[in-house]
Every structure is written in structure tokens, then in C-alpha cells.
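Here the protein sequences line up with chains A and B, keeping their order. Residue numbers for the first sequence follow our numbering, so the first one is 1 and each next one is one higher. Residue numbers for the second sequence follow our numbering, so the first one is 1 and each next one is one higher.
Hints were generated in silico from the structure; no laboratory data involved. Keep in mind that the hints are not guaranteed to be accurate.
[Claimed, not checked] Derived pair list, reagent style DSS-like, types lysine-lysine, alpha-carbon separation capped at 27 Å:
{"id": "1", "chain 1": "B", "residue 1": "Lys148", "chain 2": "A", "residue 2": "Lys157"}
{"id": "2", "chain 1": "A", "residue 1": "Lys216", "chain 2": "B", "residue 2": "Lys148"}
{"id": "3", "chain 1": "A", "residue 1": "Lys81", "chain 2": "A", "residue 2": "Lys226"}
{"id": "4", "chain 1": "B", "residue 1": "Lys120", "chain 2": "A", "residue 2": "Lys283"}
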Amino acid sequence: MSENSTIRALFDSAGLHEPGTDTARVVVHGNRVIGSRLVRGLDVDARETADGIEADISVRVGARIETPIHMCFGMLPETGKQHIVLRVRMGKGAAASILAHCVFPNALDITHSMDAEIEVGDGADYSYFERHVHGREGGVLVLPKARVRVGENARFKTEFELIKGRVGMIDVDYETYVGPGGVLEMVARISGRGNDRIRIGETGILDGEGSRGVLKSHIALRDRAKADVHNRLVANAAYARGHVDCKEIVQDEASASAIPIVEVNHPKAHVTHEASIGSVDSKQLETLMARGLTEDDAVERIIRGLLS
Amino acid sequence: MNREQTPAGEKPTGNGRLEIRNLSMTLGGKPILQHVTIDFWPGHVHALIGPNGAGKSTLANTIMGLAGYQDYEGDVLLDGESLREVPIDERARRGITLGWQEPARFEGLLVRDYILAGAKNGSDEKVRDALLRVGLDPERYASRAVDKTLSGGERKRIELASILAMKPRIVLMDEPDSGIDVDALNRIFDAIRDLKARGATVILITHSLTVLKQAEHAFLFCNGKLIDKGSVDRIGRYFENQCLPCDHQDGRESLSPFPVRES
Numbered sequence: 001m002s003e004n005s006t007i008r009a010l011f012d013s014a015g016l017h018e019p020g021t022d023t024a025r026v027v028v029h030g031n032r033v034i035g036s037r038l039v040r041g042l043d044v045d046a047r048e049t050a051d052g053i054e055a056d057i058s059v060r061v062g063a064r065i066e067t068p069i070h071m072c073f074g075m076l077p078e079t080g081k082q083h084i085v086l087r088v089r090m091g092k093g094a095a096a097s098i099l100a101h102c103v104f105p106n107a108l109d110i111t112h113s114m115d116a117e118i119e120v121g122d123g124a125d126y127s128y129f130e131r132h133v134h135g136r137e138g139g140v141l142v143l144p145k146a147r148v149r150v151g152e153n154a155r156f157k158t159e160f161e162l163i164k165g166r167v168g169m170i171d172v173d174y175e176t177y178v179g180p181g182g183v184l185e186m187v188a189r190i191s192g193r194g195n196d197r198i199r200i201g202e203t204g205i206l207d208g209e210g211s212r213g214v215l216k217s218h219i220a221l222r223d224r225a226k227a228d229v230h231n232r233l234v235a236n237a238a239y240a241r242g243h244v245d246c247k248e249i250v251q252d253e254a255s256a257s258a259i260p261i262v263e264v265n266h267p268k269a270h271v272t273h274e275a276s277i278g279s280v281d282s283k284q285l286e287t288l289m290a291r292g293l294t295e296d297d298a299v300e301r302i303i304r305g306l307l308s
Numbered sequence: 001m002n003r004e005q006t007p008a009g010e011k012p013t014g015n016g017r018l019e020i021r022n023l024s025m026t027l028g029g030k031p032i033l034q035h036v037t038i039d040f041w042p043g044h045v046h047a048l049i050g051p052n053g054a055g056k057s058t059l060a061n062t063i064m065g066l067a068g069y070q071d072y073e074g075d076v077l078l079d080g081e082s083l084r085e086v087p088i089d090e091r092a093r094r095g096i097t098l099g100w101q102e103p104a105r106f107e108g109l110l111v112r113d114y115i116l117a118g119a120k121n122g123s124d125e126k127v128r129d130a131l132l133r134v135g136l137d138p139e140r141y142a143s144r145a146v147d148k149t150l151s152g153g154e155r156k157r158i159e160l161a162s163i164l165a166m167k168p169r170i171v172l173m174d175e176p177d178s179g180i181d182v183d184a185l186n187r188i189f190d191a192i193r194d195l196k197a198r199g200a201t202v203i204l205i206t207h208s209l210t211v212l213k214q215a216e217h218a219f220l221f222c223n224g225k226l227i228d229k230g231s232v233d234r235i236g237r238y239f240e241n242q243c244l245p246c247d248h249q250d251g252r253e254s255l256s257p258f259p260v261r262e263s
């Protein structure tokens, strides 16, 4: 298959359109970089490795890239391994977001792992939106791991979402340190079914005065799926503020556990948490049914809302 | 509101006839409703008034068929047909709906989608129309989530917008003034008039004389019993003079067994 046809097949699986020519992009199939386009202020150095790629992405000091940089990691075969090593450097005052589609439409036994080091410079703004497209059988082991440093008055946001197909197994491991006035937001929205396994381990360390952080995990499970959420937010400085939010809806024989850990090491810091696990809220359900929705439709809407 | 008098002893006829027949319910060994019989007039506004714990909300929840309110003696009939085995969603499809005292929050569910949940042939125009009818700016509200960022009053009005979009035949409204400021309450009263103008039967559950005045027929409840019914003015006067404060909230049998009087 030519590189262009591979790109087209990956995009079709994810329901994506070819981005405009003003959009920076990197497309990686297995361990090959099969498409790339840069824009002013963005540098990408990607090298193929035995089982994936190693990439350095940097946004220059003060550069502000308005259109999200599109990255597509994927594999069309049913089996294989793709390991991504990513180093992201956001220069002082830079701004950029990455929309990453991870596409494994035919997976039966694929391991997709990522080791990322992310440095968000002072006053910079970086968002990473990770959207997964899997096959109907799951068949993917997803292991995203990231260590992030957020500088003074900088912002870092990450969202992890499965938009199509079954989970397989996901084990998220993110750790972020936030400097003075910095802002952190980590969001995971995942729906599991069959025998899917989901583990979310997110840690935010609010080291700087006036830093803020939110860790949010919303998970819906049915059949025999299982999820464990361990979200930890630590406030070490004055006026650090944070919130941990874990919500899981469990149906059928699915099971879930949520352990929000909040730790405050400064008398002027404040961190809150909320966690709920249970079936669909009966008042929400009855409200929608009292408008004429069937029970199944009402449950579907409530779950869709939770994951949106 | 124009208070029409209904002839004594006359039974309602026509489409959307809701009848409560000798309804009794016990929860946790305590009688919550005792032998309640009511005929609601199609297209009219009714108020069930009484102190807290009188059984008004229980009756509304039973009419809607909510979980925990299905084990009763007697019957609830719509157009002569028993609703005993009819689930909530089917009752709603037959035109019955309920506005909660404290409406549910829905994380991530947009106001627009909430309003359209019960609307047939939903459109943005329908959302806009429903929000304007309850005095909310569609530009500001349609794309917001029905979650904790909305005040109780805003959620109440949005719930009412969803009821208006549904075009129901029978609307049960539990404490429509709960958590509402004066301006919002006037919007809710406008919506009640709007529902009546469209031919809907409205049943208000309240212990407020202000809300009672929106109705055409009043039903006074105490300790699970319907103790009187009739004109809003007469029942309102009685409630104000005899029931505030209520002597019977300790669960004792009513001290004076008021006869149920016809309008």
C-alpha cells in the first residue's frame, strides 16, 4: 500500500478529513513517518526506531500556532507494536495544541505505548488532545506515560478519549509538576465494555504559589469491564488550588474503583475531591423517561453526557 | 387566572381525563395516601395544597409511575384505562409528565438536547421557542450543560422549557416556586397559562397560596387524606386560617374529620 493510501485508510477509519495545507501534521504508521508538514514556529525532528518513532517537537519562543497540529499514530495490521518516544518543548510564551488520533481499526493484538517528556515554558500554553479509534474487538494495549513540567504562568491541558471501537486495555500514567501561577487540567473520558480493562493513574503536583489543577476521569462501564482510577493531586504552595473529580457509571457485571488522593502541604493551599461510582442516577433516568425516552435511550444520553 | 366553576357532581369528559380512584398507599408501614378519589378536569389548572408530608408529592409521583410508587390500592385511570402496569416512559408518551421540586442535574447534557429529549420533530427553532417562553435567552443557555453551573431557578425554568417542548396533555408540577425568585416565578406562571391555553391539564403541588391562586380547582390534603376540595378562594382561605401552622404534622389522625365537599 502506498503512503498516500495508508494515510487515507487511517483517516477513513477515524472519520477524519484531510486537514488544510495551513495545518501542521505528522502521520506515523507503525515505525514509519509517512507524512509530515510543518508551519512557521514549529520544529519536528522524527526518527524511526525498531518498533516506533522518536520525535522531538518544539514550538519556538513566542510562536503562537493557531490551528491545532494534527498527529496521527496508527497501524492497519491486526498485530504489532508501536512505541512512541516524544519530547515536546514549548518555548517561553509559545502556544500550540496537538490533536493526536491513535488509530488501530483492525487490532487484535497491538501494543501502542508512548513515553513523553513535556516541558511547557513560562507563560506558554500547550494542549494535547488524544483521540483513540480502535476496532470492534478491542485488541489494543494502550500505555501512555508522560512526565510534564509546567512553567510559571503556563498552561497544560490534556484530554484522553476513546471515540470509536472497544478499549482493550488502557493504562494511563501521567505525572505533572506545576510552577507558580501555572494551570493543569487532565481529563479522561472512556467507555468500556466486554472485558475491557481501564486504569487511570494521574498525578498533579502543584509546586508553585497560586498554581491550579484539575484531574477529571469520567468512565462508563458495561458487561464485564473493569476500571481503576487512582488520581492524586498534591498542593505544596500557598494559594495552590485543585480539584479531583472521578465519576464512573457501572452497568451489568462491570466493576470500578476510584481512589482520589488529595494531599495539602501548605496551610494556604486548598484541594477538593469528589468521587462517585454507581448505576445511572435514578432521578436523571426518571426525568428523561418522564419526557418519553425509553430506559435504554435515557441511559445512553446520560452516559453520553458524562463522557462528553 | 380565570377561575371556571365546574358543576357539582359533574364528571369530566373528553380527551386526557385523569381519574384517581380510592387510592391508598403505605410506605414503611405508614399510610401515605388514604382512599383518595379525584377527577381532574382536562384543560384545567388544579392545585393540590397541604402542609409538608400531606401526601401531595406522593400522589404526583404515583400518577407518573416513579420507582417506589407502584405498590398501591385503588387505581389511576387515563381516559378510563388503568395505568397500573404502564411504565413511566409509556405514560409520558401518552401525554403525562412531571416537573420535579428540585430538577435533576445532568453533567455534559446540553440544554438544547435536554429540551429536545421529549420533543417530537425537534429543531433549534423549538429549543429557542421553549427557552423564550420561560424567559431565558437561547443564545446564552442552549449550549450550556444542565449541570451545577446552573442555579436551581435556572434549572427549574429549563425543565419547564423541556415540558413545554414536549407538548404534554397532563403536567404535574411539584412545588413550582421552590428556589425561585419573583421574576422567575412570574415566568413560570406565564408558562402555566401557556400550557392551559394549549389545552393541557396542569396539576400544581404546593403549600403556597401564591401558587394556589394560579389554579382553577383546589384540593386540600392532610395526613394522606383529601379532606376538602372546591374553589381556590374558599380552600385558600381555609388553608391560610386553619392549616398554617398545621396541627397534624405529628402524624396524629386529623383532629376534625373534614368532609370532602364538592365544588
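Compare the structure with the hints numbered earlier in the document and write down the numbers of the violated ones, lowest to highest. none
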